[in-house]
Structure formats: structure tokens, C-alpha cells
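K.L.:
With these hints in hand, go ahead and build the complete structure from the sequences.
Residue numbers (this note's numbering): 110 to 561.
Hints are computed from structural coordinates only; laboratory data are not their basis.
Ideal Cβ positions, reconstructed from N, Cα and C, are used throughout, including at glycine.
Incorrect hints may appear among the rest.
[As the list claims (entries may be wrong)] Derived DEER-like restraints, expressed as beta-carbon distance ranges:
id, residue 1, residue 2, range
1, 549, 363, 20 to 28 Å
2, 432, 214, 41 to 49 Å
3, 234, 416, 48 to 56 Å
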Amino acid sequence: MRAAQRLFVALAIPLTVTMIAVSAGAAANVQVISTDTLVTPSTSKAEHQTEVEPDTFAVGSTIVSAFQVGRIANGGAAAIGWSTSSDGGTTWANGLLPGLTKLAPVPGPYDRATDASVAYDAAHGKWLVATLAMTGSNGVAVALNASTNGTTWGNATVAATKGSGLDKSWIACDNTPTSPYFGHCYIEYDVEGSGDLIYNTTSADGGMTWSPPQTTADSVHGIGGQPVVRPDGTVVVPADNAAQSAIISYRSTDGGQTWSAATTVTPVQHHAVHASMRVNKLPSAEVDSAGTVYAAWEDCRFRSRCSSNDIVIASTSDGVTWAGPVRVPIDAVTSTVDHFIPGLAVDSTTSGPSAHLALTYYFFPVANCSGTACQLQVGQISSTGGLSGWGSPTTLSSAPMQNKWLANTSQGRMVGDYISTSYVSGHPVGVFAVATAPDSQYHESMAAGSTS
Numbered sequence: 110m111r112a113a114q115r116l117f118v119a120l121a122i123p124l125t126v127t128m129i130a131v132s133a134g135a136a137a138n139v140q141v142i143s144t145d146t147l148v149t150p151s152t153s154k155a156e157h158q159t160e161v162e163p164d165t166f167a168v169g170s171t172i173v174s175a176f177q178v179g180r181i182a183n184g185g186a187a188a189i190g191w192s193t194s195s196d197g198g199t200t201w202a203n204g205l206l207p208g209l210t211k212l213a214p215v216p217g218p219y220d221r222a223t224d225a226s227v228a229y230d231a232a233h234g235k236w237l238v239a240t241l242a243m244t245g246s247n248g249v250a251v252a253l254n255a256s257t258n259g260t261t262w263g264n265a266t267v268a269a270t271k272g273s274g275l276d277k278s279w280i281a282c283d284n285t286p287t288s289p290y291f292g293h294c295y296i297e298y299d300v301e302g303s304g305d306l307i308y309n310t311t312s313a314d315g316g317m318t319w320s321p322p323q324t325t326a327d328s329v330h331g332i333g334g335q336p337v338v339r340p341d342g343t344v345v346v347p348a349d350n351a352a353q354s355a356i357i358s359y360r361s362t363d364g365g366q367t368w369s370a371a372t373t374v375t376p377v378q379h380h381a382v383h384a385s386m387r388v389n390k391l392p393s394a395e396v397d398s399a400g401t402v403y404a405a406w407e408d409c410r411f412r413s414r415c416s417s418n419d420i421v422i423a424s425t426s427d428g429v430t431w432a433g434p435v436r437v438p439i440d441a442v443t444s445t446v447d448h449f450i451p452g453l454a455v456d457s458t459t460s461g462p463s464a465h466l467a468l469t470y471y472f473f474p475v476a477n478c479s480g481t482a483c484q485l486q487v488g489q490i491s492s493t494g495g496l497s498g499w500g501s502p503t504t505l506s507s508a509p510m511q512n513k514w515l516a517n518t519s520q521g522r523m524v525g526d527y528i529s530t531s532y533v534s535g536h537p538v539g540v541f542a543v544a545t546a547p548d549s550q551y552h553e554s555m556a557a558g559s560t561s
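P.N.:
Here you go:
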């Protein structure tokens, strides 16, 4: 939908609250980059101070993140926040997206918003944040905020409304100048009211207008799809199937005019995460400079009796035939550690056996824990040798967290259905939720961490 946009500049103060890593491995630099300061009426049901579920994207020395602010237990949040660094993650500015939710300082038409994802459109010089806009607890539109610098954002416009009960939108853009579809951006989402039927929509003008949403050739049902674009312009979308029992994938080779039938990558084997954690085993997808697509998720297939989850990664060079999954060797298969909610990064200037990969993830040191013995922590691990060159993991969280410190939702305690990692000036930066003990309110904020 084409609409005029007014621009607003948020008052942004870099935050430099540093936490110290507590594990062996590379030295870690971690800082809080945003804290929920919203004041909303009690009727809003927003839980303050809570910030959850970040995505990131990076270009050069700039990284932009977006996330939920003021989580609401039965769905969505009071606003969507952003935090941006233009110096490789050293300092950050932050604010709230304007013209989106009624409770934001610059109000918009929607009650709530959720599922923020970030892209950069190099052809049009725009940062784009796609979010699921909500009326009550129902997803009614995929909304889009745009910026030319990552800190000054226009009011939200509408990219898609087709379906009843929209969910889990995600955006990606074609940034390869030699691609026949350079400057095309793609949004994927599913519709709960239609059994998680997947739709796809395309823009070729910097997000100003979007094509009518289309299903895949086989009208596949799924959730949590993350489109990525190969250098030849092929769009590959790994996702969970609707039952979340398998990873599926489909693609477009004609700039989003049509979408293939889905193929099954592999069934998912999952150990139920303890402590009433909200964990939906969604894939995290990235692509390298040669066009190899990687999808990571938590899976217990390599553990005896499926006793805990590893992070595993499958890969494909064409979006049709997949290899793997292979296990990321964070610790021994005989350990008690449970790993979940991965955020995968791939350095887009590297590829193949020399690809640089990084993972940020949550973990419990003991999978079969209960109560306060469930000590939630954040880890990061990276590789300079593709899927076989992993180094030692580092714990990014300064102290273990308890589940009761996290935002409460109808599906369990929440740090996010996903988190994110991006390569910034050649080093990985993860963005994730961290929490300290609540008093009259929660204290769950966004943090950024790197092992470089």
C-alpha cells in the first residue's frame, strides 16, 4: 500500500551497561542496548519492563535490531522497539517504531504488534522492519516501517492483510547487484485461521507497494519461515511444517512471481524444554556468498534417548536438495546441557569450507531441571571453517536467569520464539533478552554480545 510517511527522530541515549562473561572461551563484550520505559494503562495488560524476541540485520559497520516492548501475556506487545549501532556494536541508539501501536509515544492504529524482523534494501537504500500488527490478540496485517539510516523511522504502512489471524511474518531483500531481481524484497507469513497456510508477497519499489499474497504451488501449511536470497536471485524459505514436526523448504526462481511446492528437509526430533519455557523450535536461516543456505534449529537426535537438544544445521546449494543436519559441537553428546532458540549468522563475504558462521543460543546446564535449579544462560559459538571449524563456546550472560524473571505468556515464559546474530564488520554480534530478578515489575531487557 502506497502512503505518505512522516519522519520522527526518537531521543536515543547509547547504553553501556556491561556484563562480564563467566565461562571459558573467547573474551566477551556484552551490554544492555535497550530497556522498556513505556508507561501504559493497566487495561493494556502489558508486562513492564519486558523486551523479547529480537531480530537483527547488518550492513558494514551498522547493525539494526527490532523487538517486542511491553509483552502482553495472550499475544503481542505494546510497541516494537529498535536499537541501532553504526560503529560495529560499540555504542547503540534506541527508540520505538512510530505510527504502529496505539500505546507507542507516536501512536498508530493497532492495539499490539509482534514478530519483528529486519532487512536492508540496498537498491533503494532503506532499512525495513516488518511486524505483525494486531487488533486485540488477532494478527490483522503485516506492517512495515522504513528508514534511510536505521535511527529515523517513518510511520508504519501496510504490506499485507490477506487471511484471518496472520502470524510469524518475516522479511528479506535481494541485495546482489548482479541478480536479475536486485531490489526485490519478500515477506512470508502464515494464517492461523487457515491452519497456518503460508503466504508470500513481493515488493520491487523499496516496500512502497506489495504484490497480492500468494500461496506455494502446493498451498503448504507451516510456521516460522525465514526467506533468504541467493546471489542468483533465488529465494529459499526454510520453515516448520504446521505440526512443527519437520523442517520444510520452498523457493521462488522468478522474483516472487511464483512459489514452488514445498519439500521436507528432515523430521525434527525434540526434547521438551523444562521450566515452562516458551520454545517453538523454529529454524534460523542465513546464506553465504556462494549461495549456500543454512538452517539451524534445536534437535535431540544425536543424544541417547533424546535426553537434551543440540543445535543442528542443514544446508543446501539450491533450496531443493538438503544435506545434514549436522550437530554443532558446543559440548559432548554425553553432557546434560539443553540448547535451544538459536540465532544463526553467516558472514556474507565468506563461503563453503571457509564460511564464517556464528550461533547465539539459550541453554540450561542441566536439561532435566526443575524450579530454581533451571538456570537459564546465553551462549555463543563461531566457526571460521564452515560446518566443521567450530571453536569453543562462550557464555554471554553474566549470571544465570530463572524462568519467573521472564515475561509470562499463554505458552510459557518468554525470551522470544527466535533471537538473532549478525556479522558486523567481520565479527558476530548476537542480540538477545536478559533478565534480572523482578520487584514490582520485570527487568527483562535487550542485550548485545560478541566474542570478538
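K.L.:
All the hints need checking, so say for each whether the structure fits it.
P.N.:
Here is what the structure says about each hint:
Evaluation of the 20 to 28 Å hint for residue 549 and residue 363 yields a failure: the beta carbon distance comes to about 55 Å. For the pair residue 432 and residue 214, the supplied restraint of 41 to 49 Å holds, since their beta-carbon distance comes to about 48 Å. At roughly 49 Å, the beta carbons of residue 234 and residue 416 sit within the given window of 48 to 56 Å.
Hint check: a violation occurs at hint 1 only; the rest are consistent with the structure.
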